[in-house]
Amino acid sequence: MNRGTWLLGRLAQIVPSFLFIGVAVFVLARLLPGDPVSAMLGDHATDATLARLTAQLGLDRSIPVQLMQFLGGVLRGELGDSIAYRIPVARLIAERLPATVLLTLLSVAIALALAVPLAFVAALNANRWPDLLIRFVFQIGLSTPIFYVGLLLLTVLAAWAHLFPVGGYGDGWRAHLWHLFLPALTLALSFAAVLMRSLRGAVLDVINAEFVDFARSKGLRARVLLGRHVLRSAMIATVTLVGLHVGSLLGGAVITESVFAVPGVGRLMVESIFARDYPVIQALTLVLAVFVSLALLATDIVQMWLDPRVGR
Amino acid sequence: MSNGLVLTRRAGLALAAGFAAVPVLTLPGVAQAAPVRGGKMVYGRYADSLFLDPVLNDANVDIWVMNNLYDTLLTPMQDGLGVAPGLATKWSMSADGKSLALTLREGVKFANGTQMTAEDVKWSLDRARNPKNGAWVDLVASITDVVIDGPLAVTVKLKHPDLSILAALATFNTAIMPKALFEATQGATDAEKAKAFAEKPIGTGPFMLVEWQRGVIMKLVRNPYYWKMAPDGKPLPYLDALDFQIIPDDSTRLLKLKAGELHGTEFVPYSRVKEIQADANLRMELWPSTKVTYLTMNVRPKLGDGSVNPLSDVKVRQALNYAVNKDAVIAITTQGLGTPMTSFMSKSTPMQHAQTLYKADVAKAKALLAETPFKAGFEVTCMMVAGNVDSTNNLTTIQQMWAPLGVKLKIEQLDNPTLTKRYRAGDFSMRTASWTDDIADPNQITSYFAYFPNIGSLHSGWDNKKVNALFETSQEEVDPAKRKAQYREIQEVYTEEAPILFLYESPYPVAFRKNAMGFVQIPLGNNLFEGAYLAA
Amino acid sequence: MSLVVRDLRVVFNTRSGPVWAVDGVDLEVAPGSVLGLVGESGSGKSVTLRAIARLLHGHAKVSGAVSWQGEDVLAMPPDRLRRLRGAEIGIVFQEPMAALNPVLSIGQQIDESLVAHTVLDTKSRRARALELLDLVGISAGATRLGQYPHEFSGGMRQRAMIAIALASAPKLLLADEPTTALDVTIQDQILRLLLRLKDELGMALVLVTHDLGVVAQTCERVSVMYAGRVCETGKVSEVFAHPRHAYTQALLRAMPGEQIGAKLVPIPGQAPRLDAPSPGCAFQPRCTAREPICATQRPSFTELATRRFACHAGARL
Amino acid sequence: MRAWLPLGTGLLILTAFLVMAVIPESIAPYDPLGFDFAALLAEPSAEHIFGTDQFGRDILSRTIAASRIDLQIALFAMLGPLLIGSVIGLLVGWFGGWADALFGRLADIVVTFPFLVLVIAIVAVLGPGLINMYIAVSCVGWVVYARLMRGEVRIQAQADYVAAARVLGYSTARILLRHVLPNAVRPVLVYAVTDMALAILTGSSLGYLGLGAQPPTAEWGVLIADGRNFFTTAPWISLAPGVAIVLAGLGFSLTGDGLQALLDVKR
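Chains as they are written, first to last, in this note's numbering: chain D, 1 to 312; chain A, 1001 to 1536; chain L, 2001 to 2317; chain P, 3001 to 3267.
Pulled out of the complex, with its shape left as it was, chain D reads as follows (with noise of 0.2 Å):
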């Protein structure tokens, strides 16, 4: 089969499930307690106020016409208005997206930066004392609240030390990639302890394996046998695992963001349901699953890319 073709099927396999989750999310809002008007008016509305503004926001209608219409407006790329902030879930999808992104592609890439040549050190150390003492600092790194060590890492590096900013987001791309080194630092920390136990597994098979001996005896440099031929089959495994976590790394930034007071839509999904917004939930479970569905492809394709046996 061809490759390109390949990839699109998945593609389309992915396609459908949008409309599950639509539908899931939707049911889901509907089955959290308590309602959005409520939740907005809080405890001494009276019940006539309540009721004005459910009818006002149409949240009166039957569920199943509710469900049609948010349907409906999906197909019409429009999504609706936000019934806490009254602004247009997409502008405020849009202004929060790009913070989100950010961070979860700079902690990628922090938390590869941390796995991979640590993870070089420990394999080749195997059970001496640096794989030890990689693998204990990670663990660590691992049990450790996610909240408890953004508070540390502000506290010392940016409090303290002055070395970064104290949480936010900045003007403009270098600001923007300053303001979010530390979150994401903290949200790599536990994502890269485990890359690096992963990584330091495949490295370990793969550094005993025939085809790394039979490289050798090709009198290639150290650099090139462990970057072509170790890493590049041992990061194989570790690629499939990025993607997978991609979903839990935003999950880890719905805190991470509200440490470090980054406007991301992690933050905002949580805002959203406590105050029961469900025009904001909705759209924004269906934006994360896009966002999460491409980020799995681009590992498919980087997998693709490393193996050329995938997708043949």
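Don't read these hints as lab results, they were simulated from the structure. The structure displayed is predicted, hence computed values, not measured ones. A virtual CB, placed ideally from N, CA and C, is assigned to each residue, including glycine. Errors might be hidden in some of the hints.
[Unchecked claim] Simulated coverage check for chain P against chain A, where a stretch passes if three residues somewhere in it have a Cβ under 8 Å from a Cβ of chain A:
| # | stretch |
| --- | --- |
| 1 | 3027 to 3040 |
| 2 | 3123 to 3131 |
| 3 | 3197 to 3210 |
| 4 | 3229 to 3237 |
Given the structure of chain D, go ahead and fit chains A, L and P onto it with the hints provided.
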């Protein structure tokens, strides 16, 4: 409606209460040099505003900053107990108490440079009292008409005498908006126009909004046409620009303040107050508030599941109140910054009647409980908004204090909408809550806490005929002294009946860099930046 | 002699203690000659081969001497070792599917050898790669260069691996059971190919195999290994005609020969354990010609003009 | 050697926590729920080795008492997904066909949801508390186990002994339970052990949002979350539970490593 709302819009926010009425803030150290003009102040807020329309908004996050964009005819005094001139310079009530004549200030311009007229005033008040508009119409329900008497004169006609009308005209929902500009805004209905207008609101306030990224930042610049003059005779505000940065995490906001990335921030956790007071670069400000923190009890005879409700017995409620050592709660939750409640209203509420409420007495509590069918103790569940640190502290402490009575307190953390739903449906035993007034008058808090026909006395089901009647009378009372006596009686009955568990009042904890001066927060919560400046 | 191995020993430290995989091996390979290294599985042939090219991993302890054109291989610094591998000594592994990197094209795998050992530019390297494929009998080289190992058949893979090993024209090719994984007709092709290349390129060849037939067909000299030691070395014709070690004799008897109807005699017993060496001859428990001394004293080498063997019974076989 | 050192160390750590979980009263110096108004936020000292919290409760005692709840979280938050996922993986891996295709789609969908967000939403529906947290984690976490199990089953299904069992005419149930499952379950079990460390972290994240263990129950994540308000003034509050979480994580991961080597599971 009123307001309230304090109770919480979000999990995680520490809203507790109680405050120290007396210790008003001190601004030590810095000599009061002449304010400096210019510069940009950056202020950290815990949550963003939602909808900057004076009439159609719903939440404190809007109310507390809107006065920087809009003005009202009168303004609340800084102690919260009276009103001062605003867009109106003079006012007089007719002898029958049903007609209030106001003289408008001369030369007031909106931030776009157009003149404010009597027409704008009439239109704004008519919009505020339109029953179809929003949650706050009750505050101005007594108005029957607004009459234009001349370019600078309007008369507000009342259905019946209403001593709270002056306070109402100093409340956010009666802010004056530019009629022509509003009506020229895109949209078919008032609601649609309001949505578009609130994107870039224009009022007569000291600042105007130039950029707003929801949940991230709100950028204000000074209104060059602002009418109010500083003591030096030049116009306010001092600042050229004011940024509101949204930083939900308490610790992060404080770190940003310490790093000098913010000039000031609101809602400092009580656990951090001492630390800030000890920091030479910072200044802790504790503003007297109308904030009270308490537990609401469901006093209906049966609970939602049909079981007998011990809290329907007044002696049980009294016993629970006596068993709680408020000072210990205050020490743990507010780090000693709160003060015990002395009425269901805060000390900053006009006509508050201070009493000694249920001073901790375990023996008395046991004795009271012994007189009830529940002398063997019982289990009771209290709902709270998940993640709220102050609520957790309060309930954990109370849990400990009720244990000697055999009362087992179960804590149930819920997310806000779930809690609100169960609360409104009366499907609860107890819940944590706090309240701040929106109006400098006791009628709002009383209508919510004690007057059953409004919202069933905080949805507690407590229905006291005498209090209901007293409240109705007081609403039309023309004699301030008599009105005060009526409120005194209401408060005494309320204390005796104890439909809530009284806890504490607490101040608004705000922190600034040493050079950021002149901010004021009034007991109603409004953030005043017109006099704020950055010292050299 | 281009390659001389003296008293080569390899000890593996394993979880359950040391294993003496190679225990004092001597070998010589003259330029342009073919040496066969035979023995049962586990006799230490492959380990010897890898020890010569220093391909064994950290847990293996190697001692003795390996001299390549007078240079001590075991003491070579990394840079020199890298030039030795590939440029002077090429290696062909047993299982091409495992030895070829599955994620790199054959072209890339040839090319990286050329990059490491030649100064050719991209274009010349490609020309050389095509030449190599042609040399090992792979047609349509231009297409084949871009293909991956899994797109090759077994025989083609082995040819490709030989092409890779020959990329920098080594003077010695170490072939570790290069035909074991292949079916018989392909085996024959590959052996012919190796012999042809040896002649065309003038290199020496060490052929590790457990197949005496292969040795008879291709080699000039043979070393027979048992339990990590060489038990007999000599010209193939002489050794096969008159084995002077009981093990060689047993091996030959166990091999189906040309004489139809000759009786096959399997070797009784099992291969010895290498983790607990006995004081005597390692083959003695299985030996039909054993004498009492075999169990107590390790036989020393008897050196003849073209033969070396270590067997107490050598004289009477 | 390669298996026993990590396995032994890991099991030693876990045993220590298990002992704390079973008999906290005998080990903890104070009542974990007991207030001490004389020692609010006391610094670490001889009396309170890890200090006290804002209620004057002894941090060490609370950390020890929390072992029970945290080991329970680790166990149950792993067990639910493990059982559900393994059964599904076993069945779809063996039978394939439309069920397998459906599983593929469903798994795709579940991984496109941000894990924590989904758990938050489910907990919001069901209400906070540990039981609901287990349910939420099971709803999301089963996919990984099912994928692992499915992959192993498909490999085992090709194995000679399975073919032999079929030839002998054994029932499908017998082949699955007696032959395929025991062989396929090893990598799943190894993953499960390391997953337990992650379960504790999920618990702490929910604790941060107030959706995990309810007060006054001591739970490491909640203890650490409580400490964040005193991060600068009383940093010791988070120390002991932090050390406990790291040690427990280390224990689980070492045990997992050891098991992996012992059972010779390919990564």
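Hint check results:
1. 3027 to 3040: Holds, because 4 residues of the stretch 3027 to 3040 of chain P bring their Cβ atoms closer than 8 Å to Cβ atoms of chain A.
2. 3123 to 3131: holds (count 3)
3. 3197 to 3210: holds (count 3)
4. 3229 to 3237: holds (count 5)
Comparing the model with each earlier hint shows no violations; every hint is respected.
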